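Top line first, the protein sequences correspond to chains A and B. When you line the first sequence up against numbering that gives the first Met the number 0, it's residues 0 to 224, in that order. When you line the second sequence up against numbering that gives the first Met the number 0, it's residues 0 to 224, in that order.
Just so you know, these hints were derived from the structure itself, not from any lab. A portion of the hints provided could be inaccurate.
[Stated by the list, open to error] Below are the SDA-like pairs computed for lysine to any residue, each with C-alpha atoms no more than 25 Å apart in a straight line: (1) K32/B with P48/A; (2) K32/A with P48/B; (3) K37/B with P48/A; (4) K32/B with L10/A; (5) K222/B with A73/A; (6) K37/B with R151/A; (7) K32/A with L10/B; (8) K32/B with K32/A; (9) K222/B with R151/A.
On a predicted model such as this, the values are computed, not experimentally measured, just so you know.
There are 2 protein chains.
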Amino acid sequence: MADEPEESSTLASRVYARLRQDVIAGTLPPGSKLALDKLRARYAVGMTPLREALYRLSATLLVEAHDQRGFRVAALNLAHFEQVLSARERLETLMLEDSIRDGDAAWLDRVVAAHAALDRLPMYTTADATALNLDWRQQHQDFHYATLSGSRHFLQDMFHRLLWDHWSRYRNLLRPPPLQEAVLKLDHARLTEAIVARDGEMAALILRRHIRHGAAAIMTVLKST
Amino acid sequence: MADEPEESSTLASRVYARLRQDVIAGTLPPGSKLALDKLRARYAVGMTPLREALYRLSATLLVEAHDQRGFRVAALNLAHFEQVLSARERLETLMLEDSIRDGDAAWLDRVVAAHAALDRLPMYTTADATALNLDWRQQHQDFHYATLSGSRHFLQDMFHRLLWDHWSRYRNLLRPPPLQEAVLKLDHARLTEAIVARDGEMAALILRRHIRHGAAAIMTVLKST
DNA sequence: CGGCTCCAGAATTTCGAAATTAATGCGAGG
DNA sequence: CCTCGCATTAATTTCGAAATTCTGGAGCCG
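Please model the entire structure based on the sequences and the hints provided.
Structure, rendered in C-alpha cells:
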C-alpha cells in the first residue's frame, strides 16, 4: 500500500523517491531552481543518479526540465490548480462508479477495513494542531486509493496517482492545516456507507463534494497571494 | 504542431525522441530487452544521455525500468489495449465536448483548416498500399489534436498524448494497414461538420464510433495471436 | 536425480572529471 | 547614462572507466 518501496536497490530510485517527497512537501519551494551541485550535496549522490531521478520527475510534471538550463520545481498557481481539481473530480468519480459496478467482495472488505483504520487514527497528535498526523495522512490516502481500486485500470491508476501528487502540493500550502476533523470523518463514513450499499450515484456525489470542500480552502489561499 | 522539436539541444532529448519513435513504430519489438551497449552503438551516444532518455520513457509506460535489471520495451496484449481503448473513449469524448462548449472562433478555424489539409492528402502513396503515407498519418494526428484543443487543459493534453502514443503502437501492428480510406474520410468530414454546428452530443457519438471502428481491426489481430 | 552453492562472465549502475553551453560582469562606444 | 560586445565565470551535459550487481552453468551435496 505504501507509495514507494522502502529500499529500492538503485541510488537513482531512492533519490527519485526523496526528491518527489521534497517537492510535494514543499521542502523544495515551488518555482525554485534546482542547482545540481546543491542537490548532489544534499542527497549525497553523484551526478548520474540525480539527473536520472530529475528526468523521471519531469515526466510527471512535478519538475520542469529545460535543455541546457537545468531543472526547476514546477510552480503553483490558481489556473494550474483548477485543472488538477477538474481532472480529479472527473477521474475519481468515474473510477468510483467503475469500482462500485465491478468490485468484488474482497474489494468491499478492503474499503471497509481501510475506513475503520482511518477512523481510528486522530488527525492531529499535537494539542496545538500545527502539525497533521502523518500516519493519518497516509491512511487517508490508502482509504481513497482503496475506494477507487475495485476495477483495476493501471492507466487510470497512474493518472490518479499523478493528480494526487499534484493535489498534495497545494494542500501542503495550508499551514497550519485547517481543523475540520468532524466534517471529514462524516464524509468518509457516508462515502463508505454508499459504497457498501453499491449506490454509485450517491457515492460519486459525496466524493465530488468531499473534493470540492477540500478545494475551497486551497483556493482561498491561492487567491489571496 | 509537430510532436517533438526537430533539433533539441541536448543529446538526451534527441535520443529520447528517437527511442520514443522506435518504440511506437515497433522497430524496437514489444517486450524486448533493451541492451544498453547495443543501444549506445545504435544511437551513437554515451551511457548518460541514453539512460536519461530511457528513464523519461519509463515514466510514460512505453518502456519498463527494472532496478539492476535494465530496461525493456513494454509488452502489447489485449488486456492492456482494452484499457487504452476505454481511457481514450472517455477522455477524448470529454475533451471534445469541452472544446465544443468553450472553443472560440479561432479554434473552429484551426479545426476546419486541419480537416481540409487532411482531406487533401492521400492515405497511400504506393499503389500496392503496403505503406501508409507518413504525411497523412501526421496530419491525421494534427487534425484530432486540433479538434480536442478548444479548451486548453495541459493535464488532459498530456494524458491524451500518452494514450495516443500507446494506441499508435497497436495500430502499427497492422501490416499492411487496412484499406478503409472512404470510411475514414466520411468520419472526419462528419466529425468536422458536427463540431462546426457545435453539436457536442453528435460529435462525441461520431468520435466514439470512429475510435471503436479502429479498435475492431486491432483487436482481431490481438485475439488471433 | 534434483536442488543448492559458488564462480566466472556479462550487464547495469555510479563516479569524477572533461567538454560544452549558458550566465555574469566589465569596459568601450554611442 | 545606457547599450552592446567580449572575456570570465558558473552551470549543465557528456564521456569513459571503475564499482557493483545479476546471470548461467559447473560442481557438489542430499
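A quick look at each hint next to the structure:
1. Our distance criterion of 25 Å between C-alpha atoms is met by K32/B and P48/A, whose separation comes to about 21 Å.
2. Restraint check for K32/A and P48/B: satisfied, since their Cα atoms lie roughly 21 Å apart, inside the 25 Å limit.
3. For the hint pairing K37/B with P48/A, the CA-to-CA distance comes to about 21 Å; that is within 25 Å, so the pair holds.
4. At roughly 22 Å between alpha-carbon atoms, K32/B and L10/A fall within 25 Å of each other, so this suggested pair holds.
5. The hinted pair formed by K222/B and A73/A fails the criterion: a straight-line CA distance of about 43 Å is larger than 25 Å.
6. Taking the CA atoms of K37/B and R151/A, the gap is about 36 Å. The hint is violated against a cut of 25 Å.
7. For the given pair, K32/A sits about 22 Å from L10/B by alpha-carbon distance, which is consistent with the 25 Å threshold.
8. Of the pairs offered as hints, the one joining K32/B and K32/A is violated, with about 36 Å between alpha carbons and a cut-off of 25 Å exceeded.
9. For a cut-off of 25 Å, the pair hint linking K222/B to R151/A stands: about 21 Å separates their Cα positions.
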